[in-house]
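Chemist: Both chains come to you apart, so use the hints to assemble them.
If you read the sequences in order, they're chains A and B.
Residue 224 in the working numbering sits at position 224 of the first sequence; the count goes up by one each step and never skips.
Residue 142 in the working numbering sits at position 142 of the second sequence; the count goes up by one each step and never skips.
All clues given are correct.
Chain A is faced by these chain B residues, among others (derived, beta-carbon under 10 Å): (1) Glu-116; (2) Glu-123; (3) Ser-131; (4) Ser-136; (5) Leu-139; (6) His-140; (7) Met-146; (8) Lys-150; (9) Asn-176; (10) Phe-177; (11) Ala-178; (12) Tyr-335.
Derived contacts from chain A toward chain B, CB cut-off under 8 Å, selection only: (13) Ser-78; (14) Gly-86; (15) Leu-89; (16) Ala-90; (17) Gly-91; (18) Gly-159; (19) Glu-182; (20) Pro-258.
No lab work stands behind these hints: they were computed from the structure.
From the three backbone atoms N, C-alpha and C, an ideal C-beta is built for every residue, glycine too.
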Amino acid sequence: MTAATETATEAAEARPQTQKLTLAQAVNRALFEEMGRDETILVMGEDVGIDGGVFRVTEGLLDAYGPERVIDTPLAESGIVGTAIGLALAGFRPVAELQFMGFLYPAMNQLCAHAARYRNRSRGRYHLPMVVRMPYCGGIRPPEHHSESYEALLVNTPGLKVVIPSTPYDAKGLLVSAIRDEDPVVFLEPKKIYRAFREDVPTGPYEVPIGKARVVVEGRDLTLIAYGAMVRVAMEAEQALARDGVSVEVLDLRTVSPVDVEAIVLSVEKTGRAVVVHEAPRNAGFGAEIVALINERALLSLLAPVQRVTGFDAVFPYPMLEHHYLPTKERVVKAARRALDF
Amino acid sequence: MPRTVIQESRTERLEILDMEGRLDEALAPALSDDQLVTLYRLMVRMRKFDEKALNLQRQGRIGTYGSIKGQEACQAGLVPALTRHDWLVPSFREHGVLISSGIPMHLVYALWKGDERSNLFPEGIRCLPPSIPVGSQLLHAAGLGMGLAKKGDPGVAVGFGGDGATSEGDFHEALNFAGVFSARTLFFIQNNQWAISVPLKRQTASETIAQKAHAYGFPGIQVDGNDVLAVTSASQEALAHVRAGRGPYLIECLTYRMENHTTADDQSRYRTPEEVAYWASRDPIDRMRKFLSGRGLWGEELEKSWALEVSTEVDREVELLETMPAAPATDILDYMYGERPWFLEEQRRLLQEEAES
Numbered sequence: 001m002t003a004a005t006e007t008a009t010e011a012a013e014a015r016p017q018t019q020k021l022t023l024a025q026a027v028n029r030a031l032f033e034e035m036g037r038d039e040t041i042l043v044m045g046e047d048v049g050i051d052g053g054v055f056r057v058t059e060g061l062l063d064a065y066g067p068e069r070v071i072d073t074p075l076a077e078s079g080i081v082g083t084a085i086g087l088a089l090a091g092f093r094p095v096a097e098l099q100f101m102g103f104l105y106p107a108m109n110q111l112c113a114h115a116a117r118y119r120n121r122s123r124g125r126y127h128l129p130m131v132v133r134m135p136y137c138g139g140i141r142p143p144e145h146h147s148e149s150y151e152a153l154l155v156n157t158p159g160l161k162v163v164i165p166s167t168p169y170d171a172k173g174l175l176v177s178a179i180r181d182e183d184p185v186v187f188l189e190p191k192k193i194y195r196a197f198r199e200d201v202p203t204g205p206y207e208v209p210i211g212k213a214r215v216v217v218e219g220r221d222l223t224l225i226a227y228g229a230m231v232r233v234a235m236e237a238e239q240a241l242a243r244d245g246v247s248v249e250v251l252d253l254r255t256v257s258p259v260d261v262e263a264i265v266l267s268v269e270k271t272g273r274a275v276v277v278h279e280a281p282r283n284a285g286f287g288a289e290i291v292a293l294i295n296e297r298a299l300l301s302l303l304a305p306v307q308r309v310t311g312f313d314a315v316f317p318y319p320m321l322e323h324h325y326l327p328t329k330e331r332v333v334k335a336a337r338r339a340l341d342f
Numbered sequence: 001m002p003r004t005v006i007q008e009s010r011t012e013r014l015e016i017l018d019m020e021g022r023l024d025e026a027l028a029p030a031l032s033d034d035q036l037v038t039l040y041r042l043m044v045r046m047r048k049f050d051e052k053a054l055n056l057q058r059q060g061r062i063g064t065y066g067s068i069k070g071q072e073a074c075q076a077g078l079v080p081a082l083t084r085h086d087w088l089v090p091s092f093r094e095h096g097v098l099i100s101s102g103i104p105m106h107l108v109y110a111l112w113k114g115d116e117r118s119n120l121f122p123e124g125i126r127c128l129p130p131s132i133p134v135g136s137q138l139l140h141a142a143g144l145g146m147g148l149a150k151k152g153d154p155g156v157a158v159g160f161g162g163d164g165a166t167s168e169g170d171f172h173e174a175l176n177f178a179g180v181f182s183a184r185t186l187f188f189i190q191n192n193q194w195a196i197s198v199p200l201k202r203q204t205a206s207e208t209i210a211q212k213a214h215a216y217g218f219p220g221i222q223v224d225g226n227d228v229l230a231v232t233s234a235s236q237e238a239l240a241h242v243r244a245g246r247g248p249y250l251i252e253c254l255t256y257r258m259e260n261h262t263t264a265d266d267q268s269r270y271r272t273p274e275e276v277a278y279w280a281s282r283d284p285i286d287r288m289r290k291f292l293s294g295r296g297l298w299g300e301e302l303e304k305s306w307a308l309e310v311s312t313e314v315d316r317e318v319e320l321l322e323t324m325p326a327a328p329a330t331d332i333l334d335y336m337y338g339e340r341p342w343f344l345e346e347q348r349r350l351l352q353e354e355a356e357s
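Next up, chain B with everything else stripped away, as it sits in the complex (with noise of 0.2 Å):
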């Protein structure tokens, strides 16, 4: 008998802006003047806030820091395509999209500080706290939205990995359970291309993160993540067919992650000079800022007002940050379980003594 094709997939990828600036009319997001600007102003915001962590970290006024340098447009693009009843299930490098859910800086200011009271969120801000173990916070993002599913709740949780992420057996599991189950999951996958040190190709011999989607039976889509308007345009779609309550979905947004792993990262060990320079000049604000100065949506002067107002802000989130009184030590045990048991309660007196001697 002859062998028959049983199945055949095909991976798409999608670009809207070029490097500089251009748009592609056919395929661009339906956005008013206004929203084109926002998702400029929230990458910039994300910049500057970013910048400004950096430096705190050099001055030791915060621990070890990740950076997002690279990945605004990915974070800028999905965030005005959510409603507040979606779940965030973020990881460790989604600050930009954390501060532009209605979180304030100073509280993603204060995780870097090591400070748990940073995960208690503004009330009705569906945001878990950020999950260090690699990749296993999409099995959160895959088991709410097997909930949220049955619950006919109208939100998507949104699951945040990386490239690295995508290696971890836990990802596998998430993808699997969220096709069998029809989840109302999105799988919002950023590679940056790096893992530390461990480059894209040690982590998958895949020609994308995309094409794994469809393994799983649910569609994914590779996006330019420097490109702010594509990343808008496949969160949009994704969302839209979750929605529907067709299934789970992953956006691959190819990004570069332009900064250290963390500050206690030397990224000169293992990448050259010309590569870092070569994806900064695919930077993702630059082209989003090429692109509105030649509709006439942006300018000088607006540019040097939006850098001051943020500024201003990010200046008094420092301040609330740094005014934000210590924690009790008590706060250690206080948080274990609903009721204390006796062991926590013998050494919540013994922490207690100490910390008034």
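The following block holds chain A by itself, in its conformation from the complex (with noise of 0.2 Å):
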């Protein structure tokens, strides 16, 4: 063995097995990962070149893999998610990223009536192994249409699955999965939080199952529901009432569509009691259906109603509004207040 070689060993069993990562940082380290694992796998967008996403989300990915795997696009929802169906017809994998949820309105036909369905359309001839990720949430104060929660729409959609991460380790662990799925799958990031804390995530592949939820604080009294940004908010929340003797379970739901219906029942067998939280509006929105689940499956064990903390039904506002728009700790705590009191 030549010097050299033995200093390559050193530095590789020296190499951690984790690295502290930013959720954004975890979303790049699965792309670039994925991309090394497979070479069907493009990754398609406005900006996500050389300029490495405009969160910087694949950051270097044009580097190692080159133009012909990281294609910067023109700028055109529709055509973005379009083509990645012809790309994924074609015999590719692709992950395409639309900049913001706000600008997903534009690729909805493509997404839901095209993407959704060429399984169920061609009897299984055809499927479609695609990403589509993308941004959304509010909480960073810019302009309109940068801050939408639209997953309501997607989950009501036949033939999506629709995937929230909280924390990086998840992220990772998520988008490999849908990365690795063989239907399309939307994988939504919050972009509140994509700097927001770092924890160990580990290197090289590994998945997080879709859809699975996580419990991440166990509790006896009241179950909060969440998913996305809102998981800090609830845990927010918890530390709160657990400092007045409440014993609050948190669950993160990790996946909106198929949703882990067992995980929310059991929780709520345990405890009770329910609060769901989501900044999307409140009419027909995901809480509605999480509230339905419940009553279906747990209602005799329910000490009170399930409340449910999101945001208005209204457009979401500005910057000078945004924080009276979004769900907070303390109207968490209050929602939980009325269920413990009913």
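Modeler: Now the structure itself:
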């Protein structure tokens, strides 16, 4: 063994098995490692190449994999999703980025009328292993159309899977699962917490299964059900309630379609009380579906009506008023009190 | 400083056979007598397929049907120029292309009867299920063409659309992506001049659809869509261009929808009998028959025997259509995902119980 190879081996051994990463970096690692594993994976979207994405989530991919696989596209959301469909039909596994969920509408026809339907329409002959990633949620004080949470529209579309991570670890593992999935997966990234904190993320690939929730904190008295950026708000509320002696369980759904109904029922059967938290509007929002599932499956375990803490049924406000719109710890605590005092 | 011309484009129209079936020898594609006859046979077969579909609809044996009558030259002219590597990305008025590409007639009838199994085409045929949202499929043809180019695949993606489709935003995005990425895509636009009741002049103020390709950086040509030889020649030229890796191409076939939009439509509300009669006199099949007869390649006897052969096939295919066993109710939800999620498992049990009770 030469001195050089010895040093290389030592370096490899010294390399940590985990890295402290932000959620944005964890998404980047998932893309980077998966692209290294499977050359049919493409990354495409506006500014994903030389710019590394407006949130730098795709940074370094162009240098590593070149312009044939990391594709700066024209500025056209329908075009991005529509050509991703064509690329998937040609045998690729495209990971398309829409720059903000607020710009999803122009792509809705391609996503909902085509991507979600090809397998069914062709009676299984064609399927689309594609991911459509996009930052969603509010809290970063941008102009209009940069803060929306439209997950309910997608959950109501048969044929899609919808995944929303809340931590760096889950972001990487869930994106790996999404890329390897044989059906279209919409991957919503909570941009408010892209860089909010770091945690240990394993180097190398691992999967976090789609459709499985995670118990963040175990508790006995009440279940807080949240996903994405709202998991942090739920955790703040849990801590506030714990100081008052209330034992709160926090459930991070991680996937909103297919939702982990077993985990919800299991938790509510134990605690008898639940509060659902999301920042999307309330009317026919995803919280309503959770309430319905609990009513159908765990009604007699309930000690109080399930509460909802949501965004308002109003347009997401410009930055000066956005702090009034977003669910807060205080609102969650208040809702929990309503359930506890019922 | 003087203004300078920085861009000029020119749009050509190609016609080879005139109304009387007279050939422009200089422009004629190099086709053998057999190949010429094949083009005619394909058109007649399409017409018979179509007539049967209209009858089946009237008798309630299939549902609403969209006729291809008048567009046979467009569809027959293209198919012989294609190879098994090429992808078809059809809209809902390409039955002629489908049945000439190895897809049995009964499957196309089944589509209009309302059976999703109609889209399960025979293995090895690169044809996507017909797409209903107008123009949206052109993006799939652009993406496929991008993918074929990346893979070094010999195929070309052929995206179909009509004049109405060219008004959609996805038409713009598809041509734009295809141009930017030099996709292996042929945009094949059958301009039949009517999108239900809305005439061409309400779809565009452009003189042609062909010229729109030029704005996206690739060639476009208009052909007489009722002249099967013009369509053949343009298709050969366009496909050779795309196959050579020179980027996308657009063909506009100027033709006419001789029938209602679908059987649920009443064209007398929006167009005159004179107009319909004028285009009937320009029937693409008559024109090619005159040409072949003039050459001594076709006659009464051949006409009769081909008509018999096709009607035998059509009858057999209708028989196949009507003896297809019913699909199980659970087909509704068995193809939504590769792995069935829990809620579809539950709904499937309900559906099955209902079907069994």
